[in-house]
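Here is what each chain is made of, one letter per residue.
There are 2 protein chains.
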Amino acid sequence: MEQRISLITLGVRNLDRARGFYQALGWKASGPASADVVFFQAGGLVLALWDRTQLAEDSAVVDTGGWGGVTLAHNVRSPAEVDEVLATATAAGGTLGRAGAETFWGGYSGIFLDPDGHPWEVAHNPDWTLAEDGSVRLG
Amino acid sequence: MEQRISLITLGVRNLDRARGFYQALGWKASGPASADVVFFQAGGLVLALWDRTQLAEDSAVVDTGGWGGVTLAHNVRSPAEVDEVLATATAAGGTLGRAGAETFWGGYSGIFLDPDGHPWEVAHNPDWTLAEDGSVRLG
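Residue numbers (my numbering), protein chains in the order written: chain A, -7 to 131; chain B, -7 to 131.
These aren't lab readings, by the way, just hints derived from the structure by calculation.
Take these hints with a grain of salt, some might be off.
Since the list gives no way to pick one copy over another, a pair counts as held whenever it fits inside one copy or between any two copies.
What the hints assert, rightly or not - Calculated lysine to aspartate or glutamate pairs in the DMTMM-like style (CA-CA distance at most 25 Å, straight line):
{"id": "1", "residue 1": "Lys20", "residue 2": "Glu94"}
{"id": "2", "residue 1": "Lys20", "residue 2": "Glu73"}
{"id": "3", "residue 1": "Lys20", "residue 2": "Glu49"}
{"id": "4", "residue 1": "Lys20", "residue 2": "Asp55"}
{"id": "5", "residue 1": "Lys20", "residue 2": "Asp125"}
{"id": "6", "residue 1": "Lys20", "residue 2": "Asp119"}
{"id": "7", "residue 1": "Lys20", "residue 2": "Glu(-6)"}
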């Protein structure tokens, strides 16, 4: 199995609300607005939004509700940019989970939650290389 | 906020078991085996494994247990390769959630669950372009 991820699908309760939130972050969806799944090209992979009940069935899991042990992160180039993205996300209808602050691992980060409660860490990690195209390299 | 994802962290109950599973898939971890977080470079982003309780606290969420509405997918180049990856994953200690089969969207996919119950869809989507470097492009 090659060492890569092609698609991350977030289960949502209200597709219009979820699409609107990510669009308010400045993201552009692909495909028609009437589709029952929304795709965003995100670098070399795709982020999808889909009905959470259908996603659970398709994923062969039982949906217990709430958080299930997956957190996404969006790395930026400075602590100030962490605060800017958190402000954008809360203005777009997200919830601030943790304000931007220095972290135990030597960086600076905060958390916002999307309208379905999916957490996103917004982080500046001085030890990782963030390329011009947004890709991240360890070390 | 730029349209990209830097890091996906999976919360795990037993880090050695989880690291061993992904290594048995053929993935190579970065950093020392003694670290309390395991990183895998996965194309332009990073997949991390970390203690689920610590991840919940760090993510400003309550952990309700079980699945929480996030499914990852790994796209491959043919239906036969879907079956091969599912066989690799079950041989490595994963659980088959759904055997490879034709899907309602015109592709072929199956599901395996890692030792912590995180579902991975393994898919062949004839409508998406899979580049030689493994990156995926819509359309």
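Each hint, compared with the structure:
When the C-alpha separation of Lys20 and Glu94 is checked against a cutoff of 25 Å, the pair qualifies neither within a copy, at 31 Å, nor between copies, at 30 Å. Only within a single protomer do Lys20 and Glu73 lie at most 25 Å apart by alpha-carbon distance; the minimum there is 20 Å, versus 31 Å between protomers. Proximity of Lys20 and Glu49 under a CA criterion of 25 Å is satisfied in neither setting, with 27 Å inside one chain copy and 31 Å between copies. Proximity of Lys20 and Asp55 under a CA criterion of 25 Å is satisfied in neither setting, with 29 Å inside one chain copy and 31 Å between copies.
In this homomeric assembly, Lys20 and Asp125 come within 25 Å of each other (Cα to Cα) both inside a single copy, at 16 Å, and across copies, at 24 Å. Taking the shortest alpha-carbon separations for Lys20 and Asp119, only the inter-copy value of 20 Å comes in at or below 25 Å, while the best intra-copy value is 30 Å. For the homomeric pair Lys20 and Glu(-6), the shortest alpha-carbon distance between copies (10 Å) is at most 25 Å, but the shortest distance inside one copy (28 Å) is not.
The structure fails hints 1, 3 and 4 (numbered hints given earlier, in ascending order).
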